[in-house]
Amino acid sequence: MTINDGLLVMTKTVLEVDNLSVEFPARRGLVKAVRNVSFQLYEGEALALIGESGSGKTTLGLSLVRLLPKTARIREGRILYRKDGEEQDVLLLSREGLRAFRWRECAMVFQGAQNAFNPVLRIEDQFIDTARAHGIRDKDKVRAEARELLRRVHLDPDRVLKSFPHELSGGMRQRVLIALGLLLKPQIVILDEPTTALDILTQRSVIEVLRSVRDEFKFSLIFISHDLSLAAELADRVATVYAGKIVEIGNVFDIFEKPRHPYTQGLTQTVPTVTGELRELISIPGSPPDLIEPPKGCAFNPRCPYASERCRQEQPPLEEVGDGQFAACWNWREITERKPL
Amino acid sequence: MSTPIIELAGVSRTFEQRRKIVKAVDNVSFSVNEGDVICLVGESGCGKTTTGKMVSGLLRPSSGEVRYRGKDIWKMNKEEFREYRLAVQLIHQDPYASLNPAHTIYRILSAPLIHHKLVQDENHARERVRELMRTVEISPPDDFFDKYPHQLSGGQRQRISVARALTVNPSVIVADEAVSMVDVSIRISLLAMLTKLMRDLGVTFIFITHDLAVAKYFAWEGRIAVMYLGRMVELSRTPELINNPQHPYTNALLSAIPEADPRLTRTKERIQLRSPDVPSLLNLPPGCTFHTRCPLYEEGLCDVHVPQLQELEPGVDVACHVAARRHGISLVGETSNR
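So the protein lines, in turn, are chains C and H.
According to the working numbering, the first sequence holds residues 411 to 751 in order.
According to the working numbering, the second sequence holds residues 4 to 341 in order.
Hints in this document: simulated from the structure, not taken from any laboratory.
Fair warning: this is a prediction, and the values are worked out from it, not measured in the lab.
Don't take every hint at face value.
The calculated label-pair distances, taken between Cβ atoms and stated as ranges, are [unchecked claim]: (1) C:Leu440 - H:Ser34: 56 to 64 Å; (2) C:Ile702 - H:Lys150: 16 to 24 Å; (3) H:Asp146 - C:Arg722: 21 to 29 Å; (4) H:Ile117 - C:Glu719: 45 to 53 Å; (5) C:Arg561 - H:Ser47: 25 to 33 Å; (6) C:Glu626 - H:Leu285: 33 to 41 Å; (7) C:Ile546 - H:Ser47: 32 to 40 Å; (8) H:Asp145 - C:Glu719: 25 to 33 Å; (9) C:Ile546 - H:Glu301: 47 to 55 Å; (10) C:Pro715 - H:Lys78: 52 to 60 Å; (11) C:Ile702 - H:Asn103: 26 to 34 Å; (12) C:Lys595 - H:Gly38: 53 to 61 Å.
Ideal Cβ positions, reconstructed from N, Cα and C, are used throughout, including at glycine.
Same shape as in the complex, but just chain H:
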């Protein structure tokens, strides 16, 4: 098997807040092969954005390794690191904040081309910017050259953000809630455009979203990773995760989502949680962090032992004692399991 393009091995990240330690990401491991897509899904505070920032090299893990093509990015030499930074591009959530309001669209898109010497001259730059704008379906490109971000709609701005990420021919795009800020009617065309990019350019996508429905559509042929309070609780192929969720948290999320279909949404089976309140990241419960809310909770097991992500079936990795036992697997080591 070839080396994964991105690999996280036991990555954790803590932040200090008023002398207290916040564990934003706790021992997360996963790998992505070239051309694959993975969606990181979870509620606010689950660590998905922090994970995205570590993948793109904007944050240094407190422990563990982030590898690009097999190499720890924080042990790379200057030249290797530069190459990695160009290869992995981040698209931010807010298209209103991520484009410089004082620069024209042409300047925004041509600056990286010129800086990284990807074009020979002005004419070449213009030609390349046009091409990029056509890729993100903004037409006619020349009409937008002299416009400023405020003259564009939210959807158009997000397309420009995508075009900017593409200027340096990245191999990996980390898209953090890239379609969340735009209206429903625009969202689908943006998603379709990103899907097309993924197929046509073979770009590897790490797609971060709180919306499982969006994740389902974007990553139907890939995988979804569900995160809860800094840990990855389930990482499965999308159809399996949606149709047959193994972790009780995944199951609770899927059952709680309101659907845009009155008959479907009013007859959906709902899973009752033991508590509606999310524990504070400053004071995480022992054992499985979901045990305070979990309907499958077992005393002496779930509140004592931290379940590790374990492959229960091919392509289905789950961190849950009860789900593992159903598959005849114990997540508790011999010594502690008397």
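Next comes chain C alone, as it looks inside the complex:
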């Protein structure tokens, strides 16, 4: 596969999600949280999954490391993980296989996890515990590695290692988590809302840290966020998630500058920027759909200014609309520029 970042580069796929569907039983019926999602994650890239609350982006992230709640059902699909020429389906892994996969191959930092440290363990012991759970018993080695990683996330190891979680600020804890995620040198890191609920200057330091550790450790990053500016800041590619489906995916510049799905277009027009002139903001009418009975045809059709009869009947497939850019919209050809109010 190729991605376009100025020149064509041959890239390896480290993760391939193929036709994944996840459902939750509820009293009224099945909640279709993830519906036939397929995408690839390339080596070393940062992929942002953006969408509103309830769009299924977190469920999608959790299913990649099989940490879905017990009630969830994976109805169909494959999650293929590739390393050193070998391929395994994460959905078919045994308990032991899964244990080896998580954290060693793929680390996930959950939303609000900065508040989920064990409160009675010093940061040092959080590192040692994590390593021991994955079979590494050499404490001195873990300590040395932790010191190194903490320095990389711009923290003072002398102070932080001896601290309890409550002694650190939210931003510091988030950076500790990033360091902890990198402890076993995973090939993939998944971050769910990594900067949500952090203050602006703290957010900035987390962003800069993520940028520098990515440069250094070359892992592939999936981050889930409702914050478009974070995607604009960090992502190589962006996938827009709506009603459990990826409705558009492509290079970050294309997604922001020439979105071809009306929902992506809507999202990028709803976010105010601080610098630059006061441009007109356009809101997306209506509210997100019911995932038990998603609208017939394209799930976005009731809110879409371009909806035609076909959109109300048939579900559009992801179609190549540009170089490495795919959109699921029957009318993508008409969505060439920002629609005036």
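Chain C is fixed; fit chain H onto it per the hints.
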């Protein structure tokens, strides 16, 4: 000039925590004229919510005065205070927590009308509730009368909170992070609705937010006040503050904000702070509280003297020694400035 509708004069508020004194708001002064809009902006712990609560009379200042139409609200008689409390309404951040889950939407909106005798009878109440719901763009109103808050989306709930604040025809609305909890696609329509209210009803707005981009859009024709660790560091007309920030903290905030535009955000000039860590409110640095992080820090000046908010240009008030000096103004008194 007419009397400002809201005026804070040297207002401070301290809290006691384990016998230590936390200065949440320190000597804040500003005034708002009728029909104006002001946004209080800052990071968590800067005192913006505490300030909002003091404006709406929910918290009593430890020192200083909060005045409504020129009168200190804590020296008002019962009748005056009642009138003030009706005139100044607060919209809370969390639409999930601020509506009684056991009451229907109709009951939530009609209760204040009936309590304050703003309607004559049941029919009149219904008519007024309908009207309010149309004002906040919830339609058709009758479909929502018997619904409970949990049956509404976050955006709809926040609209109901706004409608409830409007029941008593307030002159001032204090909106504390009123659009922060809802999704991006809903946020803009809420903001547009509030902007329309401000214009159509002439309501004075004190809008509290951590998001400078939201403040820019809401208060383009008004002012933004930036707070840091309990003090107001800059209070300027919005276009000036956004395009030409004078205080180094305002400047740092603006440069740090990630923008939803990849080209813009990746080429933006970033200001490096001397330290990423916010000092504790329990142990504030002497002098200017920003000096530990400030790139313009000057020893012997910034860590000694507390800078007061001073008008540097018309409509641009800044509390910074270095910025003031650039304008040929000294914020240090004659005696201490040898």
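Outcome of the hint check:
Checked against the hint of 56 to 64 Å, the C-beta distance between leucine 440 of chain C and serine 34 of chain H comes to roughly 57 Å, which is consistent with it. Against the hinted window of 16 to 24 Å, the Cβ-Cβ separation of isoleucine 702 of chain C and lysine 150 of chain H comes to about 19 Å, which satisfies the hint. The supplied range of 21 to 29 Å is met by aspartate 146 of chain H and arginine 722 of chain C, whose beta-carbon atoms lie about 23 Å from each other. Distance hint check: the CB atoms of isoleucine 117 of chain H and glutamate 719 of chain C are about 49 Å apart, consistent with the given range 45 to 53 Å.
Distance hint for arginine 561 of chain C and serine 47 of chain H: a CB-CB separation of about 27 Å, consistent with the stated range 25 to 33 Å. As the Cβ distance of glutamate 626 of chain C to leucine 285 of chain H is approximately 36 Å, the hint placing it in 33 to 41 Å holds. Between isoleucine 546 of chain C and serine 47 of chain H the beta carbons are some 37 Å apart, a value that agrees with the proposed interval 32 to 40 Å. Range check, aspartate 145 of chain H to glutamate 719 of chain C: about 31 Å between beta-carbon atoms, so the 25 to 33 Å window is met.
Checking the proposed 47 to 55 Å range against isoleucine 546 of chain C and glutamate 301 of chain H shows it holds: the Cβ atoms sit about 50 Å from each other. In this structure the supplied range 52 to 60 Å holds for proline 715 of chain C paired with lysine 78 of chain H, their Cβ-Cβ distance being about 55 Å. For the pair isoleucine 702 of chain C and asparagine 103 of chain H, the supplied restraint of 26 to 34 Å holds, since their beta-carbon distance comes to about 28 Å. At about 60 Å, the CB distance of lysine 595 of chain C to glycine 38 of chain H agrees with the hint of 53 to 61 Å.
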